[in-house]
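Residue numbers (the numbering used here): 40 to 407.
It is worth saying that the hints were derived from the structure and are not from the lab.
Ideal Cβ positions, reconstructed from N, Cα and C, are used throughout, including at glycine.
A portion of the hints provided could be inaccurate.
[Said to hold, decoys possible] Calculated pairs, DSS-like style, for lysine-lysine (alpha carbon to alpha carbon, straight line, at most 30 Å):
hint	residue 1	residue 2
1	Lys257	Lys270
2	Lys270	Lys220
3	Lys57	Lys104
4	Lys206	Lys59
5	Lys206	Lys220
6	Lys57	Lys192
7	Lys192	Lys206
8	Lys192	Lys220
9	Lys192	Lys59
[To be verified] Distance windows between CB atoms, simulated:
hint	residue 1	residue 2	range
10	Pro306	Val184	29 to 35 Å
11	Pro248	Ser214	51 to 57 Å
12	Ser398	Asp235	21 to 27 Å
13	Val187	Leu110	22 to 28 Å
14	Val184	Asp69	28 to 34 Å
15	Leu87	Glu212	46 to 52 Å
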Amino acid sequence: MGMELMRVLSVDDLHALKVKELGLDPSSIDLGSPEAIACAVRRAAGFLCPCSAVTLVRSVVLPLKGLVEDLDSVQLTVEQMLEALIAHGDLLEHCDISSGESEHTAVLLYGAPPSFVMRQTGAVFLFGIVPDHALLLPDELQSRVEYVNHVRKLPADAAENLRIELKHLDFVEISYETWLKAPPYETPAEHIARLDQLLEDAPESGEIPGLRLLDPSKSVRYYRGRWVDPKLETGRFVARRRRAYGADLWCYVEMRNGRPERFIDLPLAGNRTRGCDEAWRLQMAIDAQRGDAQRFRLREGVGGNRLLDFFSPVPMWAQRRWNAIGEPMLNPGSLISYRFARDETAEEIHFAHDMLWLSEIVERGNGQ
Numbered sequence: 040m041g042m043e044l045m046r047v048l049s050v051d052d053l054h055a056l057k058v059k060e061l062g063l064d065p066s067s068i069d070l071g072s073p074e075a076i077a078c079a080v081r082r083a084a085g086f087l088c089p090c091s092a093v094t095l096v097r098s099v100v101l102p103l104k105g106l107v108e109d110l111d112s113v114q115l116t117v118e119q120m121l122e123a124l125i126a127h128g129d130l131l132e133h134c135d136i137s138s139g140e141s142e143h144t145a146v147l148l149y150g151a152p153p154s155f156v157m158r159q160t161g162a163v164f165l166f167g168i169v170p171d172h173a174l175l176l177p178d179e180l181q182s183r184v185e186y187v188n189h190v191r192k193l194p195a196d197a198a199e200n201l202r203i204e205l206k207h208l209d210f211v212e213i214s215y216e217t218w219l220k221a222p223p224y225e226t227p228a229e230h231i232a233r234l235d236q237l238l239e240d241a242p243e244s245g246e247i248p249g250l251r252l253l254d255p256s257k258s259v260r261y262y263r264g265r266w267v268d269p270k271l272e273t274g275r276f277v278a279r280r281r282r283a284y285g286a287d288l289w290c291y292v293e294m295r296n297g298r299p300e301r302f303i304d305l306p307l308a309g310n311r312t313r314g315c316d317e318a319w320r321l322q323m324a325i326d327a328q329r330g331d332a333q334r335f336r337l338r339e340g341v342g343g344n345r346l347l348d349f350f351s352p353v354p355m356w357a358q359r360r361w362n363a364i365g366e367p368m369l370n371p372g373s374l375i376s377y378r379f380a381r382d383e384t385a386e387e388i389h390f391a392h393d394m395l396w397l398s399e400i401v402e403r404g405n406g407q
């Protein structure tokens, strides 16, 4: 019997092999790229869901040990990508009702079914997770899918009707309005007043274990630096509180001399939004009402495009809108960036002003 020869793979060869296994082109995409990370998260979800976010992140990060230089940085990228995939609609969050009382209810992630949203151009955005990482589409369509960060887009072809073809493949069509559904218009004062009334009606709480506050006095340009442990604060704050199992809960809390007096959990009862989405928008209202609104930066891009940079997280419904209209970008110095066609930009600036109460920074210089 002959002996098979074994070939030793270099790190670069292994990177290329794994990128190809994810269905991507190793000649243009690296294993550590956002597109590869997004595909890796979706692939892991196809095998593991329903599961916790921690389990999913760990399953993506651990196989990269020895293949990337900074594993901690990669873990942060995977965590951010997971948030993006949840916001986009590839993954769904649901409470595990088998885990008992609400205080200890774990949040599990489920893969959304294969689905699509049709744009006016005839192109579609693809969503969903296929169990066991089976192909989402037949080869002839799969080869045309464009990957940009966590977004998968199938361009229109004049010779075909993608809506009919995808429905024949048992994809679920989601209407543009349903997918991009945003809350009703409010002024910052109206939004805060509504939450304040609910907070005033809440019972006294006493001590809240593991409480952290989002400090409005800290710079709106550095989101992570705004989180503080309670000291001598008095007022009402967006906050997070620890629970025995699962991720920390979001809440709105009234403090007096560093001690909590009452709180309400977010999302509000009956709301189907995420707690973080309600909390982030409430903080946007608080900052705007204080006269120090959160910022976005407008930059000129190449080819007539324009870029908008955001320095704090934005709710899922805003991300969905911008993923459909623009193109997510990575940009050092901002938390989230999007590239828009010039004729789309003005409407999105109005949206940021009116629905998120952001103020604009205009900078001149080189874009992407």
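Okay, the hints, checked on the actual structure:
1. Taking the CA atoms of Lys257 and Lys270, the gap is about 15 Å. The hint holds against a cut of 30 Å.
2. For a cut-off of 30 Å, the pair hint linking Lys270 to Lys220 is broken: about 39 Å separates their Cα positions.
3. Using a Cα cut-off of 30 Å, the hinted pair Lys57 and Lys104 holds, with the two alpha carbons roughly 14 Å apart.
4. With a C-alpha separation of about 28 Å, the suggested pair Lys206 and Lys59 falls inside the 30 Å cut-off, and the hint holds.
5. Under the criterion of a C-alpha separation no larger than 30 Å, the hint pairing Lys206 with Lys220 is consistent with the structure, at around 23 Å.
6. Pair hint Lys57 plus Lys192 holds up; C-alpha atoms about 22 Å apart against a cutoff of 30 Å.
7. This hinted pair checks out: Lys192 and Lys206 have alpha carbons roughly 16 Å apart, not beyond 30 Å.
8. A C-alpha spacing of about 20 Å is found between Lys192 and Lys220, which places the hinted pair at or below 30 Å, so the restraint holds.
9. Simply put, Lys192 and Lys59 have alpha-carbon atoms about 19 Å apart, close enough for the 30 Å limit, and the pair holds.
10. Under the hint 29 to 35 Å, the C-beta atoms of Pro306 and Val184, about 33 Å apart, fit the expected range.
11. Taking 51 to 57 Å as the suggested C-beta distance range, the pair Pro248 and Ser214 does not conform, at roughly 43 Å.
12. Take Ser398 and Asp235: their Cβ atoms lie about 23 Å apart, and the range 21 to 27 Å holds.
13. Distance hint check for Val187 and Leu110: the Cβ-Cβ separation is about 25 Å, which falls inside the suggested range of 22 to 28 Å.
14. At about 18 Å, the CB distance of Val184 to Asp69 disagrees with the hint of 28 to 34 Å.
15. At about 27 Å, the CB distance of Leu87 to Glu212 disagrees with the hint of 46 to 52 Å.
When each numbered hint is compared with the structure, violations occur for hints 2, 11, 14, 15.
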